[in-house]
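**Student:** Please put together the full structure from these sequences, using the hints given.
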Amino acid sequence: MSDRIRTLKSLGIRFESCLLEKDGQVVYGIEAFWGRKSIGWASPSGRAFIKLQSRRIVIDADYYRAQHDLLRDDLDNFSVAQLALQETLIDLLAPPAETADV
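Positions -8 to 93 (the working numbering) are the ones given, in order, by the sequence shown.
No wet-lab data here; the hints were simulated from the structure.
Treat the numbers as computed from the prediction; the structure is a model and nothing was measured.
Hints should not be assumed to be uniformly reliable.
What the hints assert, rightly or not - Here are the simulated lysine-lysine pairs, PhoX-like style, with alpha carbons at most 20 Å apart:
#, residue 1, residue 2
1, Lys13, Lys42
2, Lys28, Lys42
3, Lys0, Lys42
4, Lys0, Lys28
To be verified - The calculated label-pair distances, taken between Cβ atoms and stated as ranges, are:
#, residue 1, residue 2, range
5, Asp65, Ser45, 32 to 38 Å
6, Asp67, Pro87, 30 to 36 Å
7, Leu66, Gln44, 26 to 32 Å
8, Val49, Glu7, 17 to 23 Å
9, Lys28, Asp67, 25 to 31 Å
10, Gln16, Asp60, 31 to 37 Å
11, Lys28, Asp60, 29 to 35 Å
12, Asp82, Gln16, 27 to 33 Å
13, Leu84, Gln16, 27 to 33 Å
14, Val49, Val17, 16 to 22 Å
Beta carbons: idealized from backbone N, C-alpha and C, even for Gly.
**Tutor:** Structure follows, in structure tokens:
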């Protein structure tokens, strides 16, 4: 199990497949839950959305790909949106790593 998945599980975040409406059509997506509360989702169009407390965050897959050197062709926009959703939730919810005293 990857460190990212382990961290998400330890935070109590789980992911479920869902149906999203886009331009009048229903498409498959991934929704993130923290306990019973929906906190975000990723869509096949390459966008990740997070709604956590008063924050509303939209992440575009192309922007995330460029910012994180994910220029490989083997990741489609939906995969990048899912990765962006996971990483951003970890950044927002995980406690900062403790620094060692030197």
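**Student:** Determine for every hint whether it applies to the structure shown.
**Tutor:** Hints, verified against the model:
1. Lys13 with Lys42: Distance ~18 Å between lysine 13 and lysine 42 Cα, so the pair holds.
2. Lys28 with Lys42: 10 Å, holds
3. Lys0 with Lys42: 19 Å, holds
4. Lys0 with Lys28: Roughly 15 Å separates the two Cα atoms, so the pair holds.
5. Asp65 with Ser45: 32 to 38 Å: Since the Cβ atoms of aspartate 65 and serine 45 sit about 37 Å apart, the hinted range of 32 to 38 Å holds.
6. Asp67 with Pro87: 30 to 36 Å: Hint holds: Cβ distance 32 Å, inside 30 to 36 Å.
7. Leu66 with Gln44: 26 to 32 Å: 30 Å, holds
8. Val49 with Glu7: 17 to 23 Å: 20 Å, holds
9. Lys28 with Asp67: 25 to 31 Å: Given range 25 to 31 Å: holds, Cβ gap about 28 Å.
10. Gln16 with Asp60: 31 to 37 Å: Holds, since glutamine 16 and aspartate 60 (Cβ atoms, about 33 Å apart) stay within the stated range.
11. Lys28 with Asp60: 29 to 35 Å: 33 Å, holds
12. Asp82 with Gln16: 27 to 33 Å: Holds, since aspartate 82 and glutamine 16 (Cβ atoms, about 32 Å apart) stay within the stated range.
13. Leu84 with Gln16: 27 to 33 Å: Hint holds: Cβ distance 32 Å, inside 27 to 33 Å.
14. Val49 with Val17: 16 to 22 Å: With a Cβ separation near 20 Å, valine 49 and valine 17 satisfy 16 to 22 Å, so the hint holds.
Violated hints for the displayed structure: none, as all numbered hints are satisfied.
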